[in-house]
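Hey, can you work out the whole structure from these sequences and the hints?
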Amino acid sequence: MTSDAIPSPYHLPSDEGAPTVVPASATLRSEDSEDEEGDPSYQLDEHDDLLFDFRPEWLESIRKCIQDVALPTHVHRPPGNLGEPSHGKLKAKEYLDLFTIFFPLILPEIWSIEQADYEQALLYNFYHLVASTNIIAAYSTSDSEADAYVYHYKEYRKTRAEIYAGVASKPNHHYAMHNGQLLKFWGPLSLLSEFPGEQMNGMLQGVETNRRMYDLDFTMLRQMCRVGRYNALVSDGHFQSTEMKALSHLLSPTQSKSLKDTNFQPITPAEMAELRKKSEIVSDTDYNLLFQYLYKHTGLAWRHVNRAPHPLHSIVLPIAIPTLEYFKHRGITYSTATAHDGNSAIQFYDYDPDCRTIYTGTIVRVWQIAIQDRLRVFVLVALDKALSREEEESLPFHQYPRFNTRVVDAAPSEHFVIIEPPHIISHTVVYPRPAGSYGIPRATNAVCLSLNRGRY
Numbered sequence: 001m002t003s004d005a006i007p008s009p010y011h012l013p014s015d016e017g018a019p020t021v022v023p024a025s026a027t028l029r030s031e032d033s034e035d036e037e038g039d040p041s042y043q044l045d046e047h048d049d050l051l052f053d054f055r056p057e058w059l060e061s062i063r064k065c066i067q068d069v070a071l072p073t074h075v076h077r078p079p080g081n082l083g084e085p086s087h088g089k090l091k092a093k094e095y096l097d098l099f100t101i102f103f104p105l106i107l108p109e110i111w112s113i114e115q116a117d118y119e120q121a122l123l124y125n126f127y128h129l130v131a132s133t134n135i136i137a138a139y140s141t142s143d144s145e146a147d148a149y150v151y152h153y154k155e156y157r158k159t160r161a162e163i164y165a166g167v168a169s170k171p172n173h174h175y176a177m178h179n180g181q182l183l184k185f186w187g188p189l190s191l192l193s194e195f196p197g198e199q200m201n202g203m204l205q206g207v208e209t210n211r212r213m214y215d216l217d218f219t220m221l222r223q224m225c226r227v228g229r230y231n232a233l234v235s236d237g238h239f240q241s242t243e244m245k246a247l248s249h250l251l252s253p254t255q256s257k258s259l260k261d262t263n264f265q266p267i268t269p270a271e272m273a274e275l276r277k278k279s280e281i282v283s284d285t286d287y288n289l290l291f292q293y294l295y296k297h298t299g300l301a302w303r304h305v306n307r308a309p310h311p312l313h314s315i316v317l318p319i320a321i322p323t324l325e326y327f328k329h330r331g332i333t334y335s336t337a338t339a340h341d342g343n344s345a346i347q348f349y350d351y352d353p354d355c356r357t358i359y360t361g362t363i364v365r366v367w368q369i370a371i372q373d374r375l376r377v378f379v380l381v382a383l384d385k386a387l388s389r390e391e392e393e394s395l396p397f398h399q400y401p402r403f404n405t406r407v408v409d410a411a412p413s414e415h416f417v418i419i420e421p422p423h424i425i426s427h428t429v430v431y432p433r434p435a436g437s438y439g440i441p442r443a444t445n446a447v448c449l450s451l452n453r454g455r456y
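Following full-length UniProt numbering, the numbering of the sequence shown begins with 1 at its first residue and continues without gaps.
It should be emphasised that the hints constitute simulated quantities derived from the structure, not laboratory data.
Worth double-checking, as some hints may not be accurate.
As the list claims (entries may be wrong) - Quick list of simulated restraints, FRET-style, between CB atoms: (1) Ala161 - Trp58: 53 to 63 Å; (2) His398 - Lys184: 26 to 36 Å; (3) Lys158 - Arg455: 23 to 33 Å; (4) Asn81 - His178: 32 to 42 Å; (5) Ile113 - Ser169: 29 to 39 Å; (6) Met177 - Cys355: 30 to 40 Å; (7) His74 - Lys277: 26 to 36 Å; (8) His76 - Arg160: 27 to 37 Å; (9) Ser394 - Arg455: 22 to 32 Å; (10) Ile371 - Thr285: 14 to 24 Å; (11) Ser394 - Gly197: 44 to 54 Å.
Built from N, CA and C at the ideal position, the CB exists for glycine as well.
Next comes the structure, spelled out in structure tokens:
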């Protein structure tokens with residue numbers, strides 16, 4: 001990391017003890033419509049629509065945000081006609097994305113403009129709901145995070161009762177009060193949600209029974225075990241035989257290929273010759289940044305191309321280096337800004353023994369260099385340009401940090417750093433804002449970091 005890099009205001013939680021981490025993916029599940037229809041305690045109060053005044057212009061602002069936000073390719077965009085019955089029932093993942101990504105990018109801006117008591121109450125209530133959701137959906141937790149969940153959820157329920165006086169709580173409001181204890185006892189709750197079970201139900205519905213209903217239990221159980229064992233092998237990438245490797249390519253060729261990381265792949269001399277055909281001349285500024293990084297962090301005695309003559313067997317960094325438009329890391333595609341806006345916005349860290357500071361920025365260029373018979377990926381990132389301290393403190397996100405959102409200057413960055421894929425935490429979601437937004441007299445970008453789901 002260069003010394004002139006501008007850090008973002010986000011740092012890793014300094015909770016006591018190491019966080020409990022679950023490195024697999026999971027998704028929260030929404031309430032079942034069948035349960036809601038059959039249980040009168042889930043029915044809406046007949047006066048609910050009179051107690052909440054959600055203005056049409058607010059809904060239009062949300063729809064515009066959904067349309068204009070720059071999304072990475074692994075995140076699905078919610079329906080553009082959100083709020084209309086025609087788009088059908090939303091999936092649990094869509095609800096999660098709306099409340100952790102899209103709504104925090106636009107609702108704080110809407111409700112912080114007029115400074116009216118009603119809008120401020122809505123913003124305060126909504127903040128605690130989002131904070132609770134981000135904690136419960138994270139892949140890491142700690143006792144202090146569990147206590148924070150309880151605080152935010154209690155505040156959400158208390159302010160909900162004040163805003164919507166007369167509207168009774170639902171059973172799920174009570175159930176969620178126990179999540180703080182569950183976080184302390186079980187750790188991250190994502191993998192304990194019912195969503196994986198719903199996926200299994202969908203798989204079982206496609207099993208051919210051939211009208212042999214008496215064998216149904218055995219057939220389903222055997223199919224579940226087969227799928228579970230196979231998915232575990234594919235996910236880990238460890239196979240005991242060449243036969244299993246061949247089988248994985250036959251059953252899921254796209255998946256096995258898409259999950260393959262670009263970094264640290266072995267390379268043959270023939271492949272190296274093909275790779276050199278993708279080489280492009282690197283600018284002096286980029287060359288010097290890359291050379292400094294390689295010299296400091298690879299443990300090899302690299303020589304600058306201008307330090308000729310070079311001793312025999314010297315490791316010289318050439319001025320023409322193979323370039324990529326995209327690369328894969330942990331199964332996720334990352335791209336340069338010219339290739340795909342949404343895939344280029346990232347959050348990453350600069351490791352420091354005392355404090356790992358999180359930065360946000362945009363991928364500008366990607367280089368691939370063969371080092372000791374392995375392909376290594378090096379990424380040039382333009383750091384997001386921070387606002388002034390006065391502007392930062394005027395934003396609602398300064399008061400409500402668990403929105404996991406910041407606002408940065410939209411002007412081109414003047415600070416660049418070199419990183420490698422392991423430094424990347426996740427994508428960010430960027431919503432361009434025109435001059436005048438949040439009272440700032442120039443164009444800005446609202447940047448949401450919630451895709452990290454507690455990964456640090």
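If you check each hint against the structure, which ones fail? Per hint list: single violation, 1.
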